[in-house]
Structure formats: structure tokens, C-alpha cells
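Asker: Chains as they are written, first to last, in my numbering: chain A, 536 to 863; chain B, 536 to 863; chain C, 536 to 863; chain D, 536 to 863.
It is worth saying that the hints were derived from the structure and are not from the lab.
Fair warning: this is a prediction, and the values are worked out from it, not measured in the lab.
Possibly wrong hints are sitting among the right ones.
Each pair may be met inside one copy or between any two copies, as identical chains are not told apart.
[To be verified] As a list, the in silico EDC-like pairs of lysine to aspartate or glutamate whose alpha-carbon atoms are at most 20 Å apart:
(1) Lys593 <-> Asp668
(2) Lys785 <-> Asp850
(3) Lys609 <-> Asp815
(4) Lys713 <-> Asp572
(5) Lys557 <-> Glu568
(6) Lys669 <-> Glu698
(7) Lys592 <-> Glu844
(8) Lys810 <-> Asp850
(9) Lys669 <-> Asp611
(10) Lys669 <-> Asp558
(11) Lys627 <-> Asp552
(12) Lys609 <-> Asp803
(13) Lys631 <-> Asp803
(14) Lys807 <-> Glu656
(15) Lys713 <-> Asp803
(16) Lys592 <-> Asp552
(17) Lys597 <-> Glu639
(18) Lys557 <-> Glu656
(19) Lys627 <-> Glu639
(20) Lys609 <-> Asp805
(21) Lys785 <-> Glu833
(22) Lys856 <-> Glu574
(23) Lys631 <-> Asp850
(24) Lys669 <-> Glu832
(25) Lys627 <-> Asp645
(26) Lys627 <-> Glu656
4 protein chains.
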Amino acid sequence: MNANIIRTARTIINVTDLDAAKDFYVNALGFIETENDGEHLYLRGLEEYHHHSLVLKKSSQKGVQALGFKVYSKADLETLAAYFENINCPVKWFNKGDQYALGEAIRVMDPHNIPLEFYYEMETVESYLRRYDKYKGARVQRIDHFNAMVPEVESVHNFFINELGFRCSEYTVTKDNKMWASWMYRKPTVHDLALTNGHGPRLHHFAYFLSDPTSVLNICDVLASLGFSASIERGPGRHGVSNAFFLYLKDPDGNRIELYTGDYYTGDPDFKPLKWDFDDPHRQTLWGHPAPDSWFEEASAFLNVHTGEPVTTKDSVGVQKKPNYAKY
Amino acid sequence: MNANIIRTARTIINVTDLDAAKDFYVNALGFIETENDGEHLYLRGLEEYHHHSLVLKKSSQKGVQALGFKVYSKADLETLAAYFENINCPVKWFNKGDQYALGEAIRVMDPHNIPLEFYYEMETVESYLRRYDKYKGARVQRIDHFNAMVPEVESVHNFFINELGFRCSEYTVTKDNKMWASWMYRKPTVHDLALTNGHGPRLHHFAYFLSDPTSVLNICDVLASLGFSASIERGPGRHGVSNAFFLYLKDPDGNRIELYTGDYYTGDPDFKPLKWDFDDPHRQTLWGHPAPDSWFEEASAFLNVHTGEPVTTKDSVGVQKKPNYAKY
Amino acid sequence: MNANIIRTARTIINVTDLDAAKDFYVNALGFIETENDGEHLYLRGLEEYHHHSLVLKKSSQKGVQALGFKVYSKADLETLAAYFENINCPVKWFNKGDQYALGEAIRVMDPHNIPLEFYYEMETVESYLRRYDKYKGARVQRIDHFNAMVPEVESVHNFFINELGFRCSEYTVTKDNKMWASWMYRKPTVHDLALTNGHGPRLHHFAYFLSDPTSVLNICDVLASLGFSASIERGPGRHGVSNAFFLYLKDPDGNRIELYTGDYYTGDPDFKPLKWDFDDPHRQTLWGHPAPDSWFEEASAFLNVHTGEPVTTKDSVGVQKKPNYAKY
Amino acid sequence: MNANIIRTARTIINVTDLDAAKDFYVNALGFIETENDGEHLYLRGLEEYHHHSLVLKKSSQKGVQALGFKVYSKADLETLAAYFENINCPVKWFNKGDQYALGEAIRVMDPHNIPLEFYYEMETVESYLRRYDKYKGARVQRIDHFNAMVPEVESVHNFFINELGFRCSEYTVTKDNKMWASWMYRKPTVHDLALTNGHGPRLHHFAYFLSDPTSVLNICDVLASLGFSASIERGPGRHGVSNAFFLYLKDPDGNRIELYTGDYYTGDPDFKPLKWDFDDPHRQTLWGHPAPDSWFEEASAFLNVHTGEPVTTKDSVGVQKKPNYAKY
């Protein structure tokens, strides 16, 4: 399959209370609200000049509608559609305008039941990169990646690497040499899509890039001041993996968002993936407090792109669930 | 004279346009507006729990009404009043409430025609130290010091050191051993009152302490975004003197405010003043661009506390006006 | 008792391995090594111009020899000595030179068995405040305070407030109105000596001031890179109490050191202590992971200034040991 | 021409004093010294896992030997060689090993007399990304771009855009609609090669990416402490163009290096170049002091890849030399 997938582009998530979501994402985190029609909140980061990178849709059914990737052109979209139909993954087409501010798009359940979206065109708006008067909260710069929790990492990894043309930047293996996690990319950063072992498929988190570490500290202070302390699930700390200085938050519906900085360049053809041992304590946390249990257990449901229903999930079998160190 | 002067406490400045002043100090710099009666703007820093540390009074007559210092008690106020009367500096008394939110106070023209105010009591309000949702712009923490430009530094220095009990942290001398500048303190920081050689007496600037260097950078970005680039007169850079990481701004009426961070502790009795040579290029600017001419020439008029008229000023005579290095 | 105690000035601690201590304090944390005679390591912060603020003495007997405070003059030392003798706390005198680089000093076990030292004179050395080429690791600026764990906080608090002239900046009370912790100061910052409820008397930690939050993050990265991850016990995070952005480390002998920034000014006579409820989750941690159990249980032994033996300790009785919130 | 040029990859510069160069680049700026054979200094940034991105070669002839770009494969190298030969730009071939640590390479004088190098292979070494104990000075992360000063921007711009497949992120035009500057990229950042109007062709500067703004401040402090204040030519400040938070330094031979942070993502096909008016004061400096005259006048000679001699340069004709604003 030869389609040019460019990058992680937008997340579409259902939320039960749009006002609560706005309070969290806009008032606290400082996302820019491009539009709000009372049913959908269209949000973007400060640097982004496309209409949105996050759609929060009001719904009584929680869950993630799709992980959206931008492709290079209409031809790439057609290549992808043909590929998926060919492997018996029915494709759902959207014409330009079917989705607000979006051009033609397809949605599909991939072979491992992850809802994917691809499109090549979205309306553009003003970038607020130089509008520092609008920087607040986490000073969210731009969407960066998705992290999916799946019961069997290696086959999903193989699918994205071998079929969709992703490259691997880092990966983790357990003592018995099973792949426990994988970080894969299309744009030359550490990841567009990461995979973590666990009950799934579910969305572990979606992540935004911040331009410096002080923005991570600032949002902690602001969240605490606004009564959102409990939304801080993990961090701040630094992962060995990806070198990320990170903060993990739970939104009012329990969806996890990562705010991070500290990426590196992966665009050279001779770049070699970095292998980590699962029980290397520096892997998950170069420094910082242990991840709480919720971090290994909780994730957001994926919704079937055809039915809107949560997909069936299962436990990972025969794989170590958490690292073997007291302070992980 | 034995009165316990605690610290620099408030600046009272006339401004010609209260809305423009608010736009600059509150909307851009992020001062907290305690009250605004349409004639006065009462402002404070994030940490401050007293009603204000800056009063901007609407007036067609520009200038600085007084440099306000906090004293320990009523007894200290009386000691100061008696002292000034005794040296033929008539004292103007204010009863509690004569000035909004303030207790008893005196104002006096000191022997070198600098308008001083002393008081021991001001209404208190909530400190926003832990209200990080209110941190914006320069995240102004608290008032720190005044800097007066005077035509003959040494005698003013001697008055504050010998009569009012200030201590000297750093000072600058010219090649012919004339004192060119002096940094003096009561609270254990680098300064409550600094003196700079030049046409005066005038107020060179008043200064606020910021809690970290990134706040200095942030306000530069915000000022530029809000159309206030021209208000940035000098910096950011680091002074050798005081180790300050500084930024000098001109408000819409041309009054200069310094935002800085990087102070140090001066509270030990064996602390020795640091002497600088005027032509040492590291003195004024450890690094950073040269100060523009305006920095050596422009300052705010002091107003006579009795008449409200600008005080007579004169040039400094026989003293080098600017440093002798191309890149100073 | 009317002696003028200026501030927290030096900690004297026994360590079992001087090389390991140097590796931690000098190579990792970036303390300046003033001198090292093979038996003692004399260390100071970047800003400090006194010979040292930390003495690490090689000894097979772990423990804290004394908490050193600087007083204003010889007269103050004599006043303190007379006071302690009068309340039956025998005073041990040191002549100038008896202790390296130090002038006259006294040591005494206070009424609650805390080993205190007072002195007014120490040799001076160069301040490295402007030597940024020497800034590394945590960029440690200056000593700030001690924190003692004591079984009954209120009586110790009363002794320091009523007898030694400390002031209280913040304090914590339990539901049944028992004082659980107190922050007390002489210099106008949040604390020179804090008290925490627990098995004691023991030294909970000694603390150094850093000039900005990024120094806290930097030392985490450096510690992890140098193999000292396990020395990070708690943080980074922000206390509600004192507004400190903090990091707690254990040195190779298990002594706890706090690195922090984010202090505020407490020097006005009308400053009111801030009261916190023990179970207010924002008190201990405005944000950040819960303190581990070790933080409530482990502390360093105090050594008797006369015998060199560890002092007898006891449990706190009838007082809640930890906060009642899951995520404290 | 269809070759896949990946990114700016290495600068090769002659310097007259290798020890002085090492003192500046390694001891002050904190570059990692991969190797030093007494004739060449091979340097890299903290993140870089290739052998070097900067070669300083000892020579009595100052100047820039070549601007090195990495290409995807040997085939791309051959495509480029054929293309240049075809337009009468003779190609100089290097076999693997002819240049230390480098694979096959070509060098060529492009049609505007800029010395270019292309290669697809370099030895790899350890990345120090996670070795925070080695972070010092400017904490230089990775090479980012070149900036060439040329007498006629538009034709050079057209060559790189139309022939070599670069894209334009931002550009500046004068009032009479002449292109004054252009920022062009291959990797999805603001630039790999920028062009500035002026006497040339010469190398205006080469630039390294830093991971945060505090690293820019830190290197200013360190340079001042080590006696390198005079090496700071311009900044810190923020460009409107590219949103860069920048610092420009002159090395001991007068070569200019930019340290900067604050880039943004340009990788989408619908990304539109941003057009700036030359006299827009926010273009060059969103905030910060005016650029000194040296910044418009001084640059490093390019050396002919065949003869080693400095290339002939000429003035730009009929183009405004500096912006028309007092404070530019």
C-alpha cells in the first residue's frame, strides 16, 4: 500500500457535557475555540492554521469516533480506500461538507478494530502562533500523536509498519521477547501512533505538543487554581521513551490527554529504532513518580465507524501487565 | 534618626489617560486591578495582599506624586516627621482615610527635593499568589524598588545611608572617583532605592519583581502581540550590577517601569557593598544590547508634595554622562 | 529573650562516605566545594559569599550535629548563651577557630532536644552569583531553612515564637484543632525553621533556594542521567503551603534535602499567618503525586551536642499521622 | 530534478585557531566534541547520532568550504550529480572515506556560486539526548539551517524552489515588490536554507536548534561569565519571521552562528508561504533591540569547492539595504 499518510491530524470524541468539556479544554488548557455550534466544539492549538484538530461531539454515548490522519492528496485517499476494501475492511465515504469544515474523507475499522479516518483537506483559519496575548493555560501548540491500548501489540505494529508505511522510532519488549509497546511515525518526530499493551483496543490517550517545559508547569498551577487538580493523573515527569517531558490529564468524561514537550528528529532513512527492556526503570519514567494503576487500566472506548457502537475489547493474554519494579 | 523604614511600598503617579494606562498595566502587564473609581487606578502584584502598590491618578499634570515607603509603626512615622521638621523639611500629614485604603501618612520633600511618603498601615485584600489562573502578561509579583536620577549622587546617597538608615549593596564610581550610582536597601534585597547620575531629581523608574526569567520573555511576546512593542525601551538583558535579568518599559505617559528577576540576599551585617568602575562594560550590561540614549536622558518629573508643581531640576556638572565603551 | 537571630545559616551533618557525598552534592547537585580536607566537605551555594552553609563530616555515626543560625553580633550570642543557661540548657562554647572558618559559636540542646548552633562570624569567600559558567545541576543558590519532625508541634512552635522571636508564616491544624505543622521565620521569607508532626525530634530536611523552576527540572534530568534517580523521593510538585515548587531528595546516607523555589515576602509587621486544615488536599500538594510513606516516616537523627550520641526520640501521640485523602 | 534532499546536515568551515574555536564552541556553547585530530574539530549537538554536523578545519584561509545536505540514497546523489553536470556546474566526487566519517559525497558550485555538498551516509555515534549530565552552555540540540546572503535573492530562491525541490515557508518583499529574503525548507520546519539580500554570495549564518528559551538565556550568562560577551552580536529577541526566539553570535573567526528555538510545522501540502513587507517592523524583530549594522554587512566568505579560493562577490543593486524604520 503506497498512500502518503502525512500525520496525525484530528481526534473526534464524544463527550456527555459540552460545557464541562469547554471549561476544561478551553478555559483551563487554553485550546483555541474555532467554533461551537452547541453540539460540537471545534478546537485547535495555537500554531494550527487548520480549522480544528479536536472535535468534541455532544452525545450520551461516550467514546472515540475516529483517529484522523491527513493524507497528501485525493489519490492517496483513493489508494487507501481501495486497499481497505481489498482486505475486507468496508470503507465509509464522506463528501466534502458532510463533515463540518472538512473535505472528502473515509472512515474504516482497521483489521484490529481501531476506527481510522483519512482526509486531505480541511478549511484553514488564522494561526495564533504569533498572538501571544492568546497563549494561556498549557499554551497548546499542535496535535502530535495517538496512543492506542491493544491486547496484542506486535500484530498491530506490523500492520502499521508493513501495510500503512509507518516507521518505528522506539519499542519495548518483555523478558520473553514479546513486543509490549511501539512508537510509530509518519512525520519525522517520535510518533504519530503509539501502541501500548493492555485491554483493548481502546484509546489510551491523544497528545498535544507544547513548546517548552514551563508550559507543563504552568498548566499544573492553573489546573490546581481552577479546581481541576484531580484531572492530573500522572506527571509531570520525563519518560525515557521518547525523552518526553509529560503530563497526563483526564478530561471530565475520563478521556486521557497528554501534554508534552521534548521530542526529537527521526526523519533520516538511517534512523534506527531504539529498543527498551520492559523492566528497565528508566524506560517509562526517566524520573518522576510511578504511574498509578489507572494508567495501565483505564482507556476510552473506540466506537465502530459504521454502527456508532463501542467495539468489542479483550484482555491481553500471556503478557506482563505492569513493569516489575517497585518504583516504575 | 532611628525610624524603622521597612521597604519600598507604593508609587503614586499622575497619568493623562486612565484607560490607556489600564490597557498597558492591567491588560498587557497583568497587574491586578484592586479598584478603579474612574479617577484612580489602584493596582497590585500577584503576591501582594495590601490594597495596592501603584496608584495611577488621572491628571493633566504628568509626574510622580510621591515614592511611598512602609514604616514599622506609628511611632516610626512620628520619629520621621519630627526629624524632617527639624531639618526644615515641612511635613504634610494625612489622617487615616484621607488617602483611599491608607492609614496615617506623611509626605515630605527631602533635602534633595525628592517627594517621599511614609505610612504604616494599608487595607489588606486577598493575595493572588496561589491563583495561577490570574497570572498573565509579566506575572508581576510585587513592588521592589525606586530608581531616582539625581545631578549629584553622593550627597543623596549619604542622606539615605546616614540619616534614614539605608544600607548600600552596590555602587559605581567614575575614573575620578565620583560616585555615579548607588543601590541602597532596607529590606534584605539589592535595593529599595537606587540613585543614578543625571539631570534631576527625577524618577528614572520604579520596579517590580518577577518570579522567573520566562516571565520577562513572556511579557515581551505579549507586548508585541498587543501592539506595545514600542513600549520596550531596553532589554531583555542582564545587569552586572544587582545581577538583574531586566526589561525596561515606558508606559503610555512615558513613565519607565522595570520588570526584573535575579535578586540576591543582602541581610547579613557583614555584607560588603560591591564597587564597580563606571567604565567596566559588565557593570551596566553583563550581556544585552547597549542602553539607548533615552535611558540616560529621559525620566519622570517629581511633583512637589505641597504645591503639586514639578520640582526644579538641574544638570549634573562635571560628571561623565555615559560610559566610555562603544557597546555599554 | 531579645537576641537578634538573623537566619538559617549552616547545617552540620555526619556522613559515612565522603566520596559518595561529594558525588551527590558537588558532582550532581552542583554545590560549590569551598574546601575538602578529607574529613570534612565544606559546601556553599552559588550566591553565598560565606565559607560554607553545609558541612559534611566523615563519621561512622550518622546524624545531624547541629542546625546553625547566624546572629547579629557577639552581644546577641551572649544574650542567647545566658538565656539557655538560665533555662537549664547547658551551653557549649567554641572559640574563634575551634571550628574551621568560623568565629565564636555556641551549641545547645534546646528544651525539646534539638541541637542548635549560633554564631555571628564566618570567613568570607567569592560569591559565584555572576559566574554562570559554574552553574550546574540544581544551580543551588543559597541555604533557606530547616524542617524538624517533632512529636508535639505546638510546644516547639511556642518556644521558637515566644522565646526566640521567630514569627509564623503558615501553620496546619488537624480537625481537633491540634497544630500539625508550623512554618516560622526570622528573615522575611516563608521559613527559617519549619516543624512537622511525627516521630522525633529528628531533622526532616534542610532546604536550599533555587532561582527558578527550570533548575528543579534540570536537576531531575541530571540525577537520572547520573544514576541517582532513586534519590528523588518526592516531586517535583507544588505545595499549597509556602507556594513552594519543590523536589525532595535523599542523599547517599538517607538525609533529606529540599530544593525549591517560589517563596514570598513576609517582612511586614501586619503579615498574618495563613492557617491550613490538615485534610485540605491543596495544603500539602497544590498539585503533584502523593507523598510516599517514607516522607512521613523517615528523618535524620539529631546528635547531642555534648555527647555526640543520637537523642532519644518518641512517637507523636493522639495526632493524625497522615492526611485523610487518598491523593494527598 | 527529482532527487530527495532530506535536510541541512553539516557545515564545513575553516578557522585560523583551532584552540580558540574549541574554547568557543565546546567549552562555552557546549557542542559535543566527537573527535579532534589537531587539524579538524568534529562537533555535534546533544540529540545528534551522526558523527558531526560541524567541521572546523584549521587553515590560514578563512571561509566556508561547503553547505552540506543529506540526501536519501546513492541514487539521489547520482541524480543530483547528473543534474549539476548538465547545467554546467562541474561536480567534485568524494569516495567513502575521502572525508572523515563520511560516505560518498559530491561538492559543487551552484549557479549562483554557493558551495554545496550532498551525501547520504555518515558514521553514527551515541546520541546524548538523554545524557543530561552533558548538557551545558547553550544545550545545542541539532543543526537546523543555513542562511546565505546573496545580491539578488529571487533568482537563487527560484533555483532552490524550482530545481532542487525546496518549498518556501516565508518571504519578504520590498515596497517595489522585490524579494528581499526567503525561507526555504525540505524537512518540515521553517527552513533548511534562508536567503537574505546583501553583498554576496556569502554565508550569513548557520543555525542550531535549542529545545527551549531558557537555553538561550543561559548561554548569554555563560558567555558573559567566560569573557565572550563581545561574541553576542544580536539578541536575544524574537523574529516575526519564523517566530524564532534567537541569539546571533560571532565565533573567534567572525563566523556567525544562530541559536534559536520556536520553530513550527510546515509539512502539509496546503501550507501557504507567509509574505512579509520589508518595512513591517514586526518582521525582523517582533521585539528586541535593532540589529546592528554588522548584521547587514558582515558575512563569511564562501570558498570555491574546486580551487579553495574565496568566490567573487558583488553588491546587491537597486535593492533597499536596510529596513526603513528607526527601530527595526
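Asker: Evaluate each hint against the coordinates.
Answerer: Okay, the hints, checked on the actual structure:
no. : hint              : verdict
1   : Lys593 <-> Asp668 : neither (30 Å within a copy, 27 Å between copies)
2   : Lys785 <-> Asp850 : neither (22 Å within a copy, 39 Å between copies)
3   : Lys609 <-> Asp815 : neither (44 Å within a copy, 38 Å between copies)
4   : Lys713 <-> Asp572 : neither (46 Å within a copy, 44 Å between copies)
5   : Lys557 <-> Glu568 : within (9 Å within a copy, 27 Å between copies)
6   : Lys669 <-> Glu698 : neither (41 Å within a copy, 40 Å between copies)
7   : Lys592 <-> Glu844 : within (15 Å within a copy, 64 Å between copies)
8   : Lys810 <-> Asp850 : neither (24 Å within a copy, 49 Å between copies)
9   : Lys669 <-> Asp611 : neither (36 Å within a copy, 44 Å between copies)
10  : Lys669 <-> Asp558 : both (16 Å within a copy, 16 Å between copies)
11  : Lys627 <-> Asp552 : neither (27 Å within a copy, 61 Å between copies)
12  : Lys609 <-> Asp803 : between (27 Å within a copy, 14 Å between copies)
13  : Lys631 <-> Asp803 : between (35 Å within a copy, 19 Å between copies)
14  : Lys807 <-> Glu656 : between (32 Å within a copy, 14 Å between copies)
15  : Lys713 <-> Asp803 : neither (27 Å within a copy, 36 Å between copies)
16  : Lys592 <-> Asp552 : within (9 Å within a copy, 46 Å between copies)
17  : Lys597 <-> Glu639 : neither (25 Å within a copy, 56 Å between copies)
18  : Lys557 <-> Glu656 : neither (26 Å within a copy, 43 Å between copies)
19  : Lys627 <-> Glu639 : within (11 Å within a copy, 48 Å between copies)
20  : Lys609 <-> Asp805 : between (30 Å within a copy, 13 Å between copies)
21  : Lys785 <-> Glu833 : within (10 Å within a copy, 33 Å between copies)
22  : Lys856 <-> Glu574 : neither (38 Å within a copy, 49 Å between copies)
23  : Lys631 <-> Asp850 : neither (38 Å within a copy, 51 Å between copies)
24  : Lys669 <-> Glu832 : neither (36 Å within a copy, 35 Å between copies)
25  : Lys627 <-> Asp645 : within (12 Å within a copy, 50 Å between copies)
26  : Lys627 <-> Glu656 : within (17 Å within a copy, 43 Å between copies)
Of the numbered hints stated above, those contradicted by the structure are hints 1, 2, 3, 4, 6, 8, 9, 11, 15, 17, 18, 22, 23 and 24, listed in ascending order.
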